[in-house]
Amino acid sequence: MSQWALFWLLCTLSTALTVVGGARGEAAEQTHSFDIKFDIKGAPGQRAVQPNAKELLQAEKVLDEVFGREIVKAKSSTEKGKLAKEILEAVRDEQDLAVKFAGLQIARRLAIEALDGKLGLEIVREIVQNFEPAEEIPATDRLTEGDRLWLSAEKAQGRDRLSKQLEAIECWLYSDIKTGLVAKKWELRVQQLQSASALITLDWKNALLRGQHLKYDTRQDSISGWCYPQEYIEWPVDLAARSYDVALLYSSRGNAGGYLMAISLFTTTNYYQPLMTLHTELISTGGWNIYAEKSFGIIKVPRPGRYILRVHAIRRLGPDFEPCLVNVRAVFLR
Numbered sequence: 001m002s003q004w005a006l007f008w009l010l011c012t013l014s015t016a017l018t019v020v021g022g023a024r025g026e027a028a029e030q031t032h033s034f035d036i037k038f039d040i041k042g043a044p045g046q047r048a049v050q051p052n053a054k055e056l057l058q059a060e061k062v063l064d065e066v067f068g069r070e071i072v073k074a075k076s077s078t079e080k081g082k083l084a085k086e087i088l089e090a091v092r093d094e095q096d097l098a099v100k101f102a103g104l105q106i107a108r109r110l111a112i113e114a115l116d117g118k119l120g121l122e123i124v125r126e127i128v129q130n131f132e133p134a135e136e137i138p139a140t141d142r143l144t145e146g147d148r149l150w151l152s153a154e155k156a157q158g159r160d161r162l163s164k165q166l167e168a169i170e171c172w173l174y175s176d177i178k179t180g181l182v183a184k185k186w187e188l189r190v191q192q193l194q195s196a197s198a199l200i201t202l203d204w205k206n207a208l209l210r211g212q213h214l215k216y217d218t219r220q221d222s223i224s225g226w227c228y229p230q231e232y233i234e235w236p237v238d239l240a241a242r243s244y245d246v247a248l249l250y251s252s253r254g255n256a257g258g259y260l261m262a263i264s265l266f267t268t269t270n271y272y273q274p275l276m277t278l279h280t281e282l283i284s285t286g287g288w289n290i291y292a293e294k295s296f297g298i299i300k301v302p303r304p305g306r307y308i309l310r311v312h313a314i315r316r317l318g319p320d321f322e323p324c325l326v327n328v329r330a331v332f333l334r
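Reminder that position 223 of the sequence shown reads as 223 in our numbering, one-by-one numbering, no gaps.
Possibly wrong hints are sitting among the right ones.
Derived DEER-like restraints, expressed as beta-carbon distance ranges [unchecked claim]:
1) Arg-92 / Ala-241: 33 to 39 Å
2) Pro-304 / Ser-152: 24 to 30 Å
3) Lys-155 / Leu-57: 31 to 37 Å
4) Leu-260 / Asp-176: 48 to 54 Å
Cut-off 25 Å, straight-line C-alpha distance, at most; resulting in silico cross-link-like pairs (SDA-like, lysine to any residue) [what the hints assert, rightly or not]:
5) Lys-118 / Pro-133
6) Lys-185 / Asp-160
7) Lys-294 / Ile-200
No lab work stands behind these hints, which were simulated from the structure alone.
Note that the Cβ used here is the ideal one computed from N, Cα and C, for glycine as well.
Model the full structure from these sequences, guided by the hints.
In structure tokens:
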């Protein structure tokens, strides 16, 4: 073989090897492109690392400029729940990941304060779908922590209970176990959370007025004329056998509202001996047209059925020149 023929053969082999190598590299790159995580809905999605403390601080400043006043103004559970939804929708498509993460955390806190488990669950899913967990631990350890939090929530009440339940469900979602009996157990827990978060509203239009001076006030959308402490308001209500966080939406003026008030639960067969009574102090809201929500605490319903819920006054807390107590717009059970 001549030198020119040998030189040509070597050049041909080198070119072929270059092409094959390039093709293998491209194939390897294409294969690697499928090595990505899947979000909790099953669609491909890349989770981001959670922002560090400095990034989070800057993000919180941005959110404070946009939502700070609304957060301060949101006093009632209804207002906090509405604002949580607004923040959630605002940050869904946010490009700044630190702002998105901080916004989801604020919305989560507001949803818990509003005792809105369904909304809290939606926010937790959004967090898990878009961000890596704070620390990497084995799935079995994460599930163990989730079980611990859930059992701890069973012993808690109100906002503390909901906060721990959401944290437990977050552990399960990050474990990425979607099949089998373990997944079934957690799906049942999610259903339990959703059903327990249903809001029952006893509004003024459906109340039974036990007193000749009480009246339905269409201008105020409430019950007014409560100037005699011996009078009271009742609602018949169907309840499940569980615990309810009970709150009153009311208004008062000046020094009015300086009363120790109570909410009692009765069976339909015994109107004289309550199953349970909650007490709290109601102070002025700043005017008869300014309404505020006040939590009375937790009522435990022993068995499912129809009950009577009564709002009544116990005593005045101090001197007050305002003759009337409060206007009542609604009672909330969560």
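Hints versus structure:
| no. | hint | in the structure |
| --- | --- | --- |
| 1 | Arg-92 / Ala-241: 33 to 39 Å | holds (37 Å) |
| 2 | Pro-304 / Ser-152: 24 to 30 Å | holds (26 Å) |
| 3 | Lys-155 / Leu-57: 31 to 37 Å | holds (34 Å) |
| 4 | Leu-260 / Asp-176: 48 to 54 Å | holds (51 Å) |
| 5 | Lys-118 / Pro-133 | holds (21 Å) |
| 6 | Lys-185 / Asp-160 | holds (22 Å) |
| 7 | Lys-294 / Ile-200 | holds (15 Å) |
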